[in-house]
Amino acid sequence: MSHQRGNTEKRSMNPKRIAAIALRIALQFRRDHRTLALIILAPIVVLSLLAYLINLRGSPMTVGLAMEDASPPVERFSQELRRLPLFNVRDVARDQVEGLVRSGEMEAAVIIPQGYALRLAGQPGPDLEVVVDGSRSRTAPVVLQGLAQVSLRLAAAQSGAALSEPKVTYVYAGPQYKALDYFAPTFIAFFAFFFVYLLTAIGFLRERAYGTLERLAASPLTKAEIVLGYMLGFGLFAMAQAAVILFFTVYIIGIHYSGNLLIVFLIVAVLTLGAVNMGIFLSTFARTELQAVQFIPLVITPQGLLAGIFWPIPDMHIVFQGIAHLLPLTYANFALQEVMVKGKGVLDASVAADLGALLLFAAIQVALASIGLRRATT
Amino acid sequence: MPTDLAIQAKGLVKRFGSVVAVNGLDLGVEPGITYGLLGPNGSGKTTLVRLLLGVILPNEGSITVMGRRVPDRVLRSQMGYMPQSLALYEDLTVTENVSFYARLMDAYSPPRVEETIQLVDMASRARSAVSTLSGGMKRRVSLACALVHRPVMLFLDEPTVGVDPQLRAQFWDHFQRLNQQGVTIVVCTHVMDEAERCTRLGLLHQGRLLAEGTARELRARAGAETLEEAFLRFSSQ
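These protein sequences, in sequence, are chains A and B.
In terms of the working numbering, the first sequence is numbered consecutively and its last residue is 378.
In terms of the working numbering, the second sequence is numbered consecutively and its last residue is 237.
Simulated from the structure, these hints should not be mistaken for lab results.
Worth double-checking, as some hints may not be accurate.
Partial list, derived from the structure: chain B residues whose beta carbon lies under 7 Å from chain A [what the hints assert, rightly or not]:
#1 Arg76
#2 Gln78
#3 Ser85
#4 Arg208
Note that this is a predicted model, so its numbers are computed, not measured.
Quick reminder that beta carbons are idealized off the backbone N, C-alpha and C, glycines included.
So here's chain B without its partners, still in its complex pose (with noise of 0.2 Å):
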């Protein structure tokens, strides 16, 4: 593995009581790229992004991200996530929401929150209170939350559960142009078309990392037509 990783995993285990969530698993992610965290509901793709921002500590094996060890704080103000849930208040306006992760941050100035706010296209709706958005408007507003601050690192996992097409389609050429600034960004999904646009792909299963590579080559490895029937090739092996 090359040295200069923007994230470097090695030996992760991770068990909850008797459950086994990552299994010896080793990960390099280069920077400026989107990693995609390919697996079925339950494979450790959750367990494995929180183990990865420091949220909960491995039993085994050690993590480096940009360089430093995790947990740490200083590296927690320079990546954003984007949890599976909504993670927002729901009683506060899609500004005061913005704001507020801004303010955790220490990254708070109202330009930055409004352009923040611009940037996923909710500016009619900024003084709204996010309990009277749409599913998908809710998703563009927690994507702000995770963006508000310049992360140079970005976690989503599952950032297109309940989004429309279309929506889906902004999100993923929104990824492509942080990619371009270099943004790192790790995605966990099980949408096979949005794991086609991953520059890297790693394809877990019961917590260990199967396979790993650009999606044609995976599908060239595992001599199968779709990512989705390489999948099951190799979690067959």
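One chain only, chain A, in its complex shape (with noise of 0.2 Å):
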């Protein structure tokens, strides 16, 4: 009977052990005031930003417009063209189109050629072509519905007139793209990033709390050996597991680039620098692996919303793409897109430029763990 009792006992569950515990964490919570700061600012920084990029309106398309035609209701076709708010319609030469395009100064142009009319009055005649930068998944979408616009106002104010299907031409990518090889490349930068960070800030976290970087201070060690230590032995997995999301996008998935991957391989290379040093650096600001990982939300969060993957950073507010202009996953983004949706090589001066961008972000960031360093050792 009384072994029953014990058993019930042991069993019961007594409430104040239950808010012994509580307690316990509420203190612990109440201590640790970057937790209690983490806890409040970072779901407010990534929330006040998700609604703003959600409620995101998308500036006005530049459209080059070239017109070999200059019949009335080639006029009024135009006139409708430039009526539309999607588009910010330039007149332009058609041999200007191309340059243009390539060069990024205009998403898309229109050539209406010379006997167009005819096509718009029903009778045969040459088709409408458009020159599109097929780098950018929503430009050809975006003109071609601006076309079905303009051909469907003017079928109801002539009453049959229709748009033929018009002639596209793509200067970067083409037609088969989806909208996972537009993804493809920002993905293989913001993983080499993230896990490159956490990975670093907690390794060197460990370092501090299990008195391993106490030993190494003491030891022959300068701070920049221990800086480019860590910069090779986790850029070493940066690049293994670059090397994974390729040959799983490339081949597994099957999504279409056109670069050379060496030099994706390097974009990624240089990125992880920056990466790895971040890490050191903040990790010297946490006490624990928990505030290490709490960085996320105000570290990387932002990159991922503000580094052009999901919005445009033309479309932002002044202060956003001046912020954007700081990240390092812009330009690795940038990068990428040039070199896997574009063909570019490492001499185009955009990419170049980029890269330039990324060294320069690594220096500061070695820069700031070498401080981290003197900091988290004395």
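Starting from two chains that each stand alone, build the complex the way the hints lay out.
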């Protein structure tokens, strides 16, 4: 009987004991001001950003218009096109079109060939020509959607005029590119940055927590040697990870790409240099692994939202554009898009500039990591 | 103070914000001895060792170790350090840990690593991950990491914390053998029977060196029967 009671007592819940645990956790939180601040600050930052970005209105797309037919029906067509809020129409000549689209000055151009008025009248004639920058996933659908709207308005006004299927030329990429093909380069950069940052921050925090950093500080190792050792060690794994992501996206998922994969590795390598050092630097502000992880909503999430992966940077407010241009993931994203979608090389001015920005970010992080190391060891 | 001292520190002051951890301390340690820094928690022992190693720099004063001004990178390769925490990579094996520190000191060779592991009586667990070892075994591995490059000066910060009496005796026998080989040892402790085994002692209290000498000298000077009593008398003066 007493044995039974003993078992019952063991299994019964004691509210005081439960309250003791809850109270202890509350006490720990109350004293951990950094965690408390992050719990409050991180959701506010992330939700504010999301609220802003989800309500973001796309800016009008700059589209060139080369008018080779000046007849009244074509003039009406061009007026309807200019009236569309989707487009900011600029007059251009046919021979300028490819250069302007290739340079990124305009996203697309519409060429109305001589004799197109016949086509508008439902008679045999030349097709409308459209040249699009295929490196942006939205361009071709938006341009074709705009032209379809013009066609519908004209059809309603003229009863019968219908737009023929335009002849579309892609400057970069092509109609075979799907949404994933545009996202794949940004995923490579995001995963490389995220995991390398996380691994370094936690790895370095452990170095401090287990006292091994103290022993390293007492050895002949210089701070630069520690930083370089970390960069090499984690960099190798980041490269392996980039290889896995690339192999999987290219050969298993079957994304389209048109650049040199070695340049993709180079960009990821430079991005990783910054991520490793940022991990070292920020880990010196964390006392526990939990705190190192808590930096993610403040450090990684804004990069995912502002780096031009989901929302185009030119559409953002000038302040957010400024912030986006301070983030390494923005430059990695630009560079990888240029290489994988546009097929550009490392000597291309825009790729070289993006790589330069990533190197500058890495250099700043190396300096900050060295300062952080001094702080951590003294 | 004799000029051929292994360690010579003058007027050392180290502040952390408003806290003065070491307060105008002079120290001289002869070569080939075990010098014990004896004092309660927070008396400045660890800070003093970190200053002597050059891990942190003093706000005032100067330190010379083996004739070289601290901090000195060449000097660091001749010094061994066993911090109070174990300072081991738990997911690496015993051999991997010892090899890592040997490489840092530019002293790596497989026979040397093996020999050092044997020296601390851990050969049977050389391939075990440190996380699987008992507290005492981890201490031995930590000592091996401090010894693998054959330092001429060894700094031990409470090396026997959590160690059973048998292993503690082995550690001290080993320290004495190192002394015989000419290694100078500075050891922090607040265990009185360990302090008795030091060649000379410095009694630390609130960052100051209260008294210095052999255990017998300190007891006699304080008119006390035990070191503990002597320490209490010095600190109340």
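(request) Would you settle whether the hint for B:Ser85 is holds or violated, based on the nearest Cβ-Cβ distance to chain A being less than 7 Å? (result) holds (3 Å)
(request) Using 7 Å as the Cβ threshold, decide whether B:Arg208 counts as touching chain A. (result) Given a least distance of 22 Å, the restraint on B:Arg208 is violated.
(message) Does B:Gln78 hold up as a contact with chain A if the rule is Cβ-Cβ below 7 Å?
(response) violated (9 Å)
(message) Would the hint on B:Arg76 be counted as holding, given a Cβ-Cβ threshold of 7 Å to chain A?
(response) It holds, given that the least Cβ distance between B:Arg76 and chain A is near 5 Å, below 7 Å.
The structure fails hints 2 and 4 (numbered hints given earlier, in ascending order).
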